[in-house]
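Chains as they are written, first to last, in the working numbering: chain A, -19 to 309; chain B, -19 to 309; chain C, -19 to 309.
You may find that some hints are simply not true.
Since copy identity is lost for identical chains, a pair holds within one copy or between any two.
For lysine to any residue, the following SDA-like pairs were computed, each having C-alpha atoms within a straight-line distance of at most 25 angstroms [claimed, not checked]:
| hint | residue 1 | residue 2 |
| --- | --- | --- |
| 1 | K(-13) | K256 |
| 2 | K22 | G305 |
| 3 | K260 | A110 |
| 4 | K152 | R19 |
| 5 | K22 | T72 |
| 6 | K150 | V15 |
| 7 | K150 | L20 |
| 8 | K256 | P190 |
| 9 | K260 | R244 |
| 10 | K21 | L204 |
| 11 | K150 | S17 |
| 12 | K21 | S307 |
| 13 | K143 | L209 |
| 14 | K21 | D75 |
| 15 | K22 | A82 |
| 16 | K22 | G109 |
| 17 | K143 | A82 |
| 18 | K152 | L16 |
| 19 | K21 | G305 |
| 20 | K143 | D276 |
| 21 | K203 | P24 |
| 22 | K21 | K150 |
| 23 | K152 | D75 |
| 24 | K21 | D106 |
The set of hints was computed from the structure by calculation and includes no laboratory data. No experiment lies behind these values; they were computed from the predicted model shown.
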Amino acid sequence: MATMTWKRHHVLSLADFMPEEYDTILQTAASFREVLSRRLKKVPTLQGQLVANLFFEPSTRTRSSFELAAKRLSADTLNFTPGTSSLTKGETILDTAKTYLAMGTDMMVIRHQQAGVPEAIAAEMDRIGARVGVLNAGDGQHEHPSQALLDLFTITCILDPEKPRIELLKGKKIAIVGDILHSRVARSNIWSLTASAAEVHLAAPPTLLPQFFAEMGSNRAGKLFLHWLVEPALEDADFVMTLRLQKERMENHLLPSWREYHQRYGITRERLKLCKPNVKVLHPGPVNRGVEIASDLMDDPEFSLISQQVTSGVAVRMALLYLMGSSKA
Amino acid sequence: MATMTWKRHHVLSLADFMPEEYDTILQTAASFREVLSRRLKKVPTLQGQLVANLFFEPSTRTRSSFELAAKRLSADTLNFTPGTSSLTKGETILDTAKTYLAMGTDMMVIRHQQAGVPEAIAAEMDRIGARVGVLNAGDGQHEHPSQALLDLFTITCILDPEKPRIELLKGKKIAIVGDILHSRVARSNIWSLTASAAEVHLAAPPTLLPQFFAEMGSNRAGKLFLHWLVEPALEDADFVMTLRLQKERMENHLLPSWREYHQRYGITRERLKLCKPNVKVLHPGPVNRGVEIASDLMDDPEFSLISQQVTSGVAVRMALLYLMGSSKA
Amino acid sequence: MATMTWKRHHVLSLADFMPEEYDTILQTAASFREVLSRRLKKVPTLQGQLVANLFFEPSTRTRSSFELAAKRLSADTLNFTPGTSSLTKGETILDTAKTYLAMGTDMMVIRHQQAGVPEAIAAEMDRIGARVGVLNAGDGQHEHPSQALLDLFTITCILDPEKPRIELLKGKKIAIVGDILHSRVARSNIWSLTASAAEVHLAAPPTLLPQFFAEMGSNRAGKLFLHWLVEPALEDADFVMTLRLQKERMENHLLPSWREYHQRYGITRERLKLCKPNVKVLHPGPVNRGVEIASDLMDDPEFSLISQQVTSGVAVRMALLYLMGSSKA
């Protein structure tokens, strides 16, 4: 199915991903997209395998997507959420992970509010010689690789539905607009998009886009640009990625108000006129309607890829679980 | 399996259900009841299909029943509950539903504390041309169709276990006793029971049974009667449906106390002597023991159908999911 | 697979377990351990059967273990947890159990904060002639049979991995250290370990080890000893079982502080020198690191069996569900 032998046991960060790895994921996801279009949307690939979703930071949406991806591959699943958990009883996070390992977990999908937790768990698993794959489903403000990979799949499928691949991004201009500073989605996307010869333009208020983000663009195939106004980022853009704005930012005085944010950085039909005519808009969800994107624009299938992103998510997560599983064989 | 071709994509309300539709559901449920009596209580009917339980208002009991019905049909299931959800993050209900649609949901089972939400979601799904079925699992004080259908199945199975059908209700007297005003179960049952030539008698204190309920009986095959005392409703009744009483009603001064309610409207052995000798009592559960029904009466299999109602629930929900699924093919 | 015909419908307490019953469980668990070592870690044994996990007292770890055991046997599972449940609505525990029975539950796994609840449910199920098995997954300070059985499996597998059986414990010295008074794990382990000719030594501060525990040793095959110091219990011990310490004990002034507990009763490398050279340490988890056991000792595979206990848990719970299921046929 894939064009290369997959060697990565864990998927923790996209910082060191190679173009061939992206292409393998994109092509594997395309195969699973075909499976999901059948009436019987299921394959026996991971039958008898166990996928544990350890969501220390709760998330119904992402957990559902991973749970469904595992079920579509016929894996068994276990869901861990804190609150009703041993963590309140003083157990460490590593102990929790080891408990699920000892139960026979083959793949762990981990979300945690602190950056580095999935990496720490993966390192410990390797240290003790455990044959388990660890997948970062979002760690603090660090990374959210599967989200960036589903964004990549969504974009490259627009450019060539039959053969999504990273070289399609060559010369494309992609704007990422919003709270870059606090966004793990932005960080992972910067790595994946600059792995190709795309031009990536970040746009945010100065408080949410410190100058040090420019360093992420050094020694990458693609170029990275920073803007404190949204207009230069949108000019002739092929794709506009918007990011979710957290209420906490206003409380911390990093932003004046949602309304003012929308006036200055919100994506509207008017602003989209600056972009290429067939520009597409993405958002990782959930959207604050009328803040990051004008409400009617979000529902307009001519521009919005939000629904395709969710659909891509299942196929891409199936691809990741499949590839990680095959690397252990 | 069914006597007619099922055409209804969504099951939102019983107000406009035709007798043939009731009969199709009853006969399909009877087939699944047979499946559930086997050692291997499972059929591959919905293999590879996805049933999403979106319970905005939490309910372990009804959610378990739907989840089990889906699993008995070999469907995959996803459970959404608020609290750990994006709703607290400002996403609209329609956005949540669309997210589960985009993941590949074939059937959505929706419970919400506000009337009309399942209808609004179904309308939006139709508007965007989505091939998804929406099933109302209880919306505010509006309707709870699957509960009324399992009540209908339970009652008609008493009358003819082999061939439950709506005409069996002809000339039967059915009393519905309790908090009619706030009950979605009562409303759905009034529609289903008056679709046949049954006599439906509502009994409740005046504060819980306003006169406008009489309008639900106009232009129906069966007749509808309102009583502010319980005795005339029970007289010669074949079946007595009791409704759950919510604590909030006392706090709102709609009722004096649970004890007084039981004294005036509670179903006791003494009161049952007013009914037909082989009268049966139903309750949608959970019961406040000693309030709506005398505690020992509730456990007496000679009178109580409460346990059969729960069993019927799985078969009827399998029938609904099966029929809605077949309407899309 | 088993050496005897299993007759026990319910597993509620180990107080009256016979040696042959222990051996049947151990040998059945050994067979399932082999299944779990395959790539396809699944058997169709309980296909179409329904296992309901009714965890009135929440527990992610034990519930996950039972859920996984059921899934590895291809059973369907339903999880009940309070909070989003009817219990807050005034339903009794027996009503909840009967609701799950009426849905078609074949096996109920029950945890409750009050001693005796699983027994009461099992008695009621028998009274009404229900063909359902009830498994106690921990009731108050009473018993936790599946934990003691997985401990027994873990220990006997150390002594003979191929043929774990209870006679292997003959003449072995086993120390149980910690909060004996409040521990259902300790009580179940005392029953299982004294069923053989082992020597069981309990060690705890006087406030946590009242004299009446000595009675549990009367008329048992093995001998039971009580110590208010840890050293005599550890001397020449083959296995050391530690128990989880609850924070509440300090608040109730039953213990001075965690630090002082560790100084006087904590298991350290130094203290293990009192034991046999190849001594092994167990803990039911989750561990308070540095309290019941020194943190580095807990992670040392030469001494710690904690991880094996978790792995054993799945095999032993598969054995219990399988045997209880076969007793109904």
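Going down the list of hints, with the structure as the test:
1. K(-13) with K256: neither (38 angstroms within a copy, 44 angstroms between copies)
2. K22 with G305: both (17 angstroms within a copy, 17 angstroms between copies)
3. K260 with A110: Result: close only across copies, 21 angstroms inter versus 43 angstroms intra.
4. K152 with R19: Classified as neither: same-chain Cα gap 36 angstroms, cross-chain 44 angstroms, threshold 25 angstroms.
5. K22 with T72: For K22 and T72, the Cα distance exceeds 25 angstroms both inside one copy (36 angstroms) and across copies (30 angstroms).
6. K150 with V15: Cα proximity of K150 and V15: none, with 29 angstroms in one copy and 50 angstroms across.
7. K150 with L20: This pair counts as neither: shortest intra-copy Cα distance 36 angstroms, inter-copy 43 angstroms.
8. K256 with P190: Intra 27 angstroms, inter 61 angstroms, cutoff 25 angstroms: neither.
9. K260 with R244: For K260 and R244, only the intra-copy Cα distance (20 angstroms) is at most 25 angstroms; the inter-copy one is 65 angstroms.
10. K21 with L204: neither (39 angstroms within a copy, 47 angstroms between copies)
11. K150 with S17: neither (29 angstroms within a copy, 47 angstroms between copies)
12. K21 with S307: Classified as both; 24 angstroms inside a copy, 18 angstroms across copies.
13. K143 with L209: Cα proximity of K143 and L209: none, with 35 angstroms in one copy and 71 angstroms across.
14. K21 with D75: between (36 angstroms within a copy, 23 angstroms between copies)
15. K22 with A82: between (28 angstroms within a copy, 16 angstroms between copies)
16. K22 with G109: Close across copies (24 angstroms), not inside one copy (32 angstroms); limit 25 angstroms.
17. K143 with A82: between (40 angstroms within a copy, 21 angstroms between copies)
18. K152 with L16: neither (29 angstroms within a copy, 49 angstroms between copies)
19. K21 with G305: This pair counts as both: shortest intra-copy Cα distance 20 angstroms, inter-copy 14 angstroms.
20. K143 with D276: For K143 and D276, neither the intra-copy (31 angstroms) nor the inter-copy (51 angstroms) Cα distance is at most 25 angstroms.
21. K203 with P24: neither (42 angstroms within a copy, 52 angstroms between copies)
22. K21 with K150: The answer is neither: 33 angstroms in one copy and 45 angstroms across copies each exceed 25 angstroms.
23. K152 with D75: neither (45 angstroms within a copy, 30 angstroms between copies)
24. K21 with D106: Classified as between; 22 angstroms across copies, 34 angstroms inside a copy.
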